[in-house]
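Order-wise, the sequence lines are chains F and X. If you read the first sequence in the numbering used here, its first letter stands for residue 25, the second for the next number, and so on. If you read the second sequence in the numbering used here, its first letter stands for residue 407, the second for the next number, and so on.
Straight-line C-alpha distance at most 30 Å; calculated DSBU-like pairs for lysine-lysine:
id, chain 1, residue 1, chain 2, residue 2
1, F, Lys102, F, Lys159
2, X, Lys451, F, Lys159
3, X, Lys451, F, Lys102
For the record, the hints were derived by calculation from the structure and aren't laboratory data.
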Amino acid sequence: MLRVLSAAAIGLVFGTGIVIAGMANPAKVLNFFDVFGTWDPSLLLVMGSALAVTFIGYRFVLRRPAPVFDRRFHLPTKRDLDVPLIAGSALFGIGWGIAGFCPGGAIPALGSGEPSPLIFVAAMIGGILGANALKAAFTRRQALA
Amino acid sequence: METSFTPIQALLGGSLIGLAAVALLTFHGRIAGVTGILTGIILPKGDWNWRLAFLLGAIAAPAMILLLTGMSLPLQSDIPSWAIILGGLLVGVGVAFGGGCTSGHGVCGMARLSTRSIAATLTFMATTFVTVFVVRHVLGGF
Numbered sequence: 025m026l027r028v029l030s031a032a033a034i035g036l037v038f039g040t041g042i043v044i045a046g047m048a049n050p051a052k053v054l055n056f057f058d059v060f061g062t063w064d065p066s067l068l069l070v071m072g073s074a075l076a077v078t079f080i081g082y083r084f085v086l087r088r089p090a091p092v093f094d095r096r097f098h099l100p101t102k103r104d105l106d107v108p109l110i111a112g113s114a115l116f117g118i119g120w121g122i123a124g125f126c127p128g129g130a131i132p133a134l135g136s137g138e139p140s141p142l143i144f145v146a147a148m149i150g151g152i153l154g155a156n157a158l159k160a161a162f163t164r165r166q167a168l169a
Numbered sequence: 407m408e409t410s411f412t413p414i415q416a417l418l419g420g421s422l423i424g425l426a427a428v429a430l431l432t433f434h435g436r437i438a439g440v441t442g443i444l445t446g447i448i449l450p451k452g453d454w455n456w457r458l459a460f461l462l463g464a465i466a467a468p469a470m471i472l473l474l475t476g477m478s479l480p481l482q483s484d485i486p487s488w489a490i491i492l493g494g495l496l497v498g499v500g501v502a503f504g505g506g507c508t509s510g511h512g513v514c515g516m517a518r519l520s521t522r523s524i525a526a527t528l529t530f531m532a533t534t535f536v537t538v539f540v541v542r543h544v545l546g547g548f
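Pulled out of the complex, with its shape left as it was, chain X reads as follows (with noise of 0.2 Å):
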């Protein structure tokens, strides 16, 4: 499935995911990981209000972006069910060892200049790349 290069709402995209995560940092002194975020609300610790309106709110942004601009979230996916629950377990048991995500290792940490969170970035960069060619390339698809 041919998606086109959109260099313009990758930088603006991109720069509205570093300002919030500045002003995470800056308001409630948090990283902006989604995994950690999520992950103090499923197993609770006691503070899941700012946590459950981050996620809230970023959950309300496909809405607010039809109701400004008229246009609707293009989400394309030919990936059967199975497959995304598959990912889905993976992604869930690896975020939970692995302590973060694009964008908790991805960006903040990565910005922080952390050993862990470079290493952890390299290392599912290298695995997603391998799977994404494994997939398509070898087994010809799902």
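Chain F extracted, bound-state conformation (with noise of 0.2 Å):
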């Protein structure tokens, strides 16, 4: 119980970040890519923030044995780049280019009422869900190969 409010505390924390820093504002974060239009930089601000605290406050986390609520860090173990990686952040780029959301800003933004995220969240599920029908589909062909 105590973990679950924990999570809903820090989600609620997050999303409230997102919010004032204008993340779930798709016409804030177009832009801030927008050099040679109505450029707005606040979005330099937020990684560069976000990045230095994360940065600094990881390094003392990770010298506990263990988190709080689970007896191991679940951290990304690959290390490689690979296609997968490159092609999907790029095809990801392009998405967020187009609709001005990204997961992180959706997923507050869905919280303001407005069909907007909701219609984006709906279809990066679709996407989630047919991206791993994919994955799932080549790795059986692998298999059987």
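Hints in hand, dock the two standalone chains.
Below, the structure is given as structure tokens:
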């Protein structure tokens, strides 16, 4: 119970940060990338401050033997650069540039009651499910070959 | 659609995002990547409860801000629905193959100095930049 409440509280802090920063506002996000038009450099400071706090905080946290509510840290183990990483990230950027929402911006935006984040999140979940079905089919074919 | 430069809100909001990332690792041992947290719910891995709690907490943020300050979330968008759907599908497929988004790769992965996350972030920042340029200055908007 405490574990779930803690996750909800941390989610609330995350969402509050996203909303205050303007990451849940598509016009602000897209303007950050529009250097030759209506440029708004705000997101540079968002990324910079988020990164600085996380960089320093992680150094201290990872000195602990384990997190508070779990037996171990769950950190990504892959190290090599591969085609899915780069191609997937490239596609993500194209989608972000078209819609102005990224996953972390769209989820808190759902709470605004506006229809556009709902449309975005539904399409994004469709994309994740489709991509995973494709990955599973590919893995099965490789296993058979 | 113009927006004004908001350095104070940007620094405050960014710091809160970082604080949440540090807290999630401290208490739950997890990376605060929204793609990863969400994917663990839609493709269930058996530990959906903390994931759902995190996302619901994030969704509650605009309501809490409205309650405390009386300010509603400024959500400005002139993107037509078909483009939001196209963008959503591309984002979904992209993060599923790329293994993360702005929060997971861009903040948490970069803070761990992960080579994969640095490469992913440079890639999506570049393609977003090019996409916005093409949409706004080549196509003249949607």
